[in-house]
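Protein chains in written order, with the numbering used here: chain A, 257 to 539; chain B, 257 to 539; chain C, 257 to 539; chain D, 257 to 539.
Keep in mind that a hint or two might mislead.
[Claimed, not checked] Pulled from the structure, derived: some chain B residues nowhere near chain C, Cβ distances all over 10 angstroms:
1) F312
2) E318
3) A412
4) N420
5) I487
[To be verified] Every beta carbon over 10 angstroms from chain A, so not counted as near; a handful from chain D, in silico:
6) N286
7) N420
8) F450
[Stated by the list, open to error] Derived PhoX-like pairs (lysine-lysine); straight-line CA-CA distance at most 25 angstroms:
9) B:K498 - C:K442
10) A:K505 - D:K534
11) B:K415 - B:K433
12) B:K498 - D:K310
13) D:K270 - C:K527
14) C:K416 - C:K387
15) D:K269 - A:K502
16) C:K498 - D:K507
17) C:K384 - A:K384
18) C:K321 - C:K310
Read the hints as simulated data drawn from the structure, not as lab findings.
Idealized CB from N, CA, C, for every residue including glycine.
Here are the chains, one letter per residue:
There are 4 protein chains.
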Amino acid sequence: MPNAILLISCPDKKGIIANLSNFIYKYNGNIENLDQHIDYETNTFFTRIEWNLKNFKLNREEIPKNFSKIANNFKMKFSLDFTDNIINMVVFSSKFTHCLYDIILRYKEGQFKVNLPFIISIHPNTTKVAKIFDIPVFEFKINDKNRLKVEKEQLALLKKENINLIVLARYTRILSKQFINNFKNKIINIHHSFLPAFIGNNPYEQAYARGVKIIGATSHYVTYKLDAGPIIEQDIIRVSHKDTLKDLKRKGKDLEKLVLSRAIRWHLERKILVYNNKTVIFD
Amino acid sequence: MPNAILLISCPDKKGIIANLSNFIYKYNGNIENLDQHIDYETNTFFTRIEWNLKNFKLNREEIPKNFSKIANNFKMKFSLDFTDNIINMVVFSSKFTHCLYDIILRYKEGQFKVNLPFIISIHPNTTKVAKIFDIPVFEFKINDKNRLKVEKEQLALLKKENINLIVLARYTRILSKQFINNFKNKIINIHHSFLPAFIGNNPYEQAYARGVKIIGATSHYVTYKLDAGPIIEQDIIRVSHKDTLKDLKRKGKDLEKLVLSRAIRWHLERKILVYNNKTVIFD
Amino acid sequence: MPNAILLISCPDKKGIIANLSNFIYKYNGNIENLDQHIDYETNTFFTRIEWNLKNFKLNREEIPKNFSKIANNFKMKFSLDFTDNIINMVVFSSKFTHCLYDIILRYKEGQFKVNLPFIISIHPNTTKVAKIFDIPVFEFKINDKNRLKVEKEQLALLKKENINLIVLARYTRILSKQFINNFKNKIINIHHSFLPAFIGNNPYEQAYARGVKIIGATSHYVTYKLDAGPIIEQDIIRVSHKDTLKDLKRKGKDLEKLVLSRAIRWHLERKILVYNNKTVIFD
Amino acid sequence: MPNAILLISCPDKKGIIANLSNFIYKYNGNIENLDQHIDYETNTFFTRIEWNLKNFKLNREEIPKNFSKIANNFKMKFSLDFTDNIINMVVFSSKFTHCLYDIILRYKEGQFKVNLPFIISIHPNTTKVAKIFDIPVFEFKINDKNRLKVEKEQLALLKKENINLIVLARYTRILSKQFINNFKNKIINIHHSFLPAFIGNNPYEQAYARGVKIIGATSHYVTYKLDAGPIIEQDIIRVSHKDTLKDLKRKGKDLEKLVLSRAIRWHLERKILVYNNKTVIFD
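So here's chain A without its partners, still in its complex pose (with noise of 0.2 angstroms):
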């Protein structure tokens, strides 16, 4: 049987939780996983709870409905998934392919529980990876000219196929604040420096040019700004003076792709909260 899992943000109170366990013992269901933090400075309590619907007396369209007083009460923003609920994502990719094949791996693996109808291609490179795992592919030919027609074209594919997750993997090309805006917190960029140090282009060159002792990557929501959305995660590798420029490049291909897939795999699990443009994981 799947688990529901619910994700909850409010003002800090007395009797949250035992509110939130009581509806869910109630109905019969057994927690299999509650976390929960609360955030002092703004006095914001925040959980993930997840149960399983083995003999849970409500169906799922009744959860809501019901749950709706306690979340009146204490002033809740939540979400309601499943674990059934499979999301459908899509890669974008162009010329540098290595996070699209490792996602791909770990997809045909089982790593991820997620569905991967197709991936948006502007580079043949991707095109050319995709067709070796007979994954449906779509390339455009993107420039600075056709961009906003080309983000149309591809948001009518991503809503025929009821997209909600995005992935830029190594994707060269800004989207534009319309684009984003159908999918707040649903597009997760990699960017191949560690954030908030070497902002927008050539990350690697210009940590090469500072000549740090230690090179990063960070997984993030794509917001307006550039390079600026919530923080998943991030992660670093160590070089020295006798790592050239390819090397750092090289280096951190590796970085980039274990910072993605964890990233990836806890929005897949629900584990992400956002809030203040940055992340509580419940991992």
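Chain A is fixed; fit chains B, C and D onto it per the hints.
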């Protein structure tokens, strides 16, 4: 106002969190922290709940009695504690004093909320450090013959001051079963290797001989079996062929301090549950 | 123009570097890289010198003869190689193909300067991966009875193609002494633990049972004794009580890929010297 | 017998190592360590050679004169030093004393081969620590008005004792250009962030606000531009949404100590070459 902390383990069953949180809510407590974990192999539920006692309607003595009904219902093993119930910790130390220094400095700085009434020394180096910081110290001349007698004297000192945490900071004597029996899961040792590799004496020598590329340190609760108790924390650092045995020891010292101090912190914050010779760290 | 690479070990003595660098300078070579190391316990000198052959006045065949006088003088063991002398590598792989995929993708991307004429498979999974990338593959049905016979057939294939590097990418069969004798320090294995902890079968199961807080992977040259050969590289990742055995295996896979690929890279770049069952990595 | 150390940079050309090693061999020196690096972007050659002076036929004063011919030939910038030429180091410290403690303890333990004739304090906390260990200390009351005057007094003290290394151990005052001019590449600062992220004041506050998942520390030589000097070492530690600002500061302290102590060690061992606002670390 201080917090109350409940550490609980019991067979997993529906309604545990509901009953726990209701109990706290009913008496007007505000949960500040709730962590839980289920071990599906043994179907065991673990939790750590921390709530503020401000306006809590039960006084401290009444809590266990009132809670016992729930505890019995769910066959819980539980321990109740309060954040203003300061632990009395003693450090056992010998020739190498880097961990001792580290603990004292963290203590002086307020990182550890703990009493440190005295230090047990079996080497003049340790005695000297204690004196630098005006901490009472008892120095014992210990050898293979008198060790049980010395242990008894140490035990008397510990009992007198109600010591409930012993930290072996590179202490070089193996404690007897009788001694350990008095402090179950209350003796933290630092072993200077990545356990279970390099058990026993001279782990750096062993690591050097094996040619490892990474060395480690492990903090664990002391049990009868040498270096085989529940692991609390581990960390590592890279080494290379350039590192001599002396370098390994130098690098390792930094590790030992970090790994031991994390274990002490978690213990003091009642964040550790031991089961099956493993630890659950509710951090 | 390609580079020449000399890997040398000898008793330490005055004048080694002077003689080596004079030799190269005399024949008009430009040193691009020189690394050295002295093991003071055994008074052994190690070096790796790489110089460009542009305008070098000796041709390749003449180098050893002309160098032998110096080598004899200093009782050197040396190996001479050239960067355009591409190594013929074969991957042995079985059910788990993550390392195989990783190697192939790095190879395709140009990260490994190597020939990969074919793959040895003992499981349909491996065969399938090889076919996706159009790499020749030989699949063997191996069991306890026929394993020596299969080894002979494998050996014949390896000899035929002048294979001088074997990578065991989660290969599940122990190689015989006779087989290993043909490839001294030329078989790289990935062991899915932090050696010397958890030798042999099921290291993740062992790590899980012990309750470690960090898991590791180790790449090493294969010797007669199981998982006891010279360690080339190790790396680790943190785990917690929340991680199931399945999580350990998933996290470990990422480690295995990284640790194995680094070992392959260093081997291909002739950066590894083996002595005393240890490695010097001139990176 | 002590060692001589040559740190050299020059345009890359054939014969550099041959000439260097011949020079040492000719006068009967035994090379204990030779590291080199070529920056192909600027065609610059760097090396660090260390040889034992036992039976070396030139006395110390004669070395530069005799070496100058080679140096001129190859347009070398070089510095010559001797391992028994102990550096005179002074620590500048203020309110936060964790780095100061760490340096003193390493010094007392013999990890740093250095003289520490006195400490410059601008806060009673620092003065107190110095006194605990009976190290002379000069306390200055510094403010925006008197800072240049204080600097002059500090400078006089430094000159008097031939100080040739200044360590800013969480020193809270920016040094003037005039002051820095006296100690080019001889002032090591610890900045409590992963530079170039979070330059200037309150880096932990900045990191907390940005919601990073990793915090760092950076040691670097001080130049005119704030936090922009050549980076010597960096390290990081993971943080999560659970970590408060206070936790970041606590975790960061451990980083700062490690990162600063590594920089000091490398500097004392003459392992650092600065060029192009970067460092080559011959470790």
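Original post:
Hint by hint, which ones does this structure get wrong, listed from lowest number up?
Top reply: When the structure is compared with the hints, numbers 5 and 8 turn out to be violated.
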